[in-house]
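Trainee: Sequence:
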Amino acid sequence: MDAKVKELVGIAASVAAGCETCLQTHIAGARQQGADQREIQTAVNIARAVRLQAATRIDTLATQMGQHDPVELVMASSGGCGPNCKC
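Each residue of the sequence shown is one higher than the one before, starting from 51 at the first, in our numbering.
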């Protein structure tokens, strides 16, 4: 895999992960490696599609689970979503 492709993959991974600093770094790297705007936008669009599909599926699952089992609402706090959360 050449350096330009690695940077384009980095762009897609950054968008999927929601990492702004990573995205800025990989866009700059992709441009340095000769990527044009169309290639960069394609990487962004692929990641958006993946992220949207994942969000849609988890939302559907959450809705289905809520219809069958009562769920205790856990609010995010400075400790994350719960005792074992790392977010």
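In case anyone wonders, no lab produced these hints; they're calculated from the structure.
No experiment lies behind these values; they were computed from the predicted model shown.
Note that the Cβ used here is the ideal one computed from N, Cα and C, for glycine as well.
One should not assume that every hint holds.
Stated by the list, open to error - In silico EDC-like pairs for lysine to aspartate or glutamate, Cα to Cα no more than 16 Å straight-line:
hint	residue 1	residue 2
1	LYS54	ASP86
2	LYS54	GLU89
3	LYS56	ASP86
4	LYS56	ASP109
What the hints assert, rightly or not - What follows is a list of derived Cβ distance ranges for each label pair:
hint	residue 1	residue 2	range
5	ASN95	ALA53	41 to 47 Å
6	GLN91	GLN117	36 to 42 Å
7	ASP52	ASN95	19 to 25 Å
8	ARG101	THR75	16 to 22 Å
9	ALA53	GLN117	46 to 52 Å
10	GLY84	ARG107	19 to 25 Å
Trainee: Each hint: holds or not?
Mentor: Here is how each hint holds up against the structure:
no.: 1; hint: LYS54 to ASP86; result: holds, 10 Å
no.: 2; hint: LYS54 to GLU89; result: holds, 10 Å
no.: 3; hint: LYS56 to ASP86; result: holds, 14 Å
no.: 4; hint: LYS56 to ASP109; result: violated, 31 Å
no.: 5; hint: ASN95 to ALA53: 41 to 47 Å; result: violated, 21 Å
no.: 6; hint: GLN91 to GLN117: 36 to 42 Å; result: holds, 39 Å
no.: 7; hint: ASP52 to ASN95: 19 to 25 Å; result: holds, 21 Å
no.: 8; hint: ARG101 to THR75: 16 to 22 Å; result: holds, 19 Å
no.: 9; hint: ALA53 to GLN117: 46 to 52 Å; result: holds, 49 Å
no.: 10; hint: GLY84 to ARG107: 19 to 25 Å; result: violated, 36 Å
Going through the hint list in order, the structure does not satisfy hints 4, 5 and 10.
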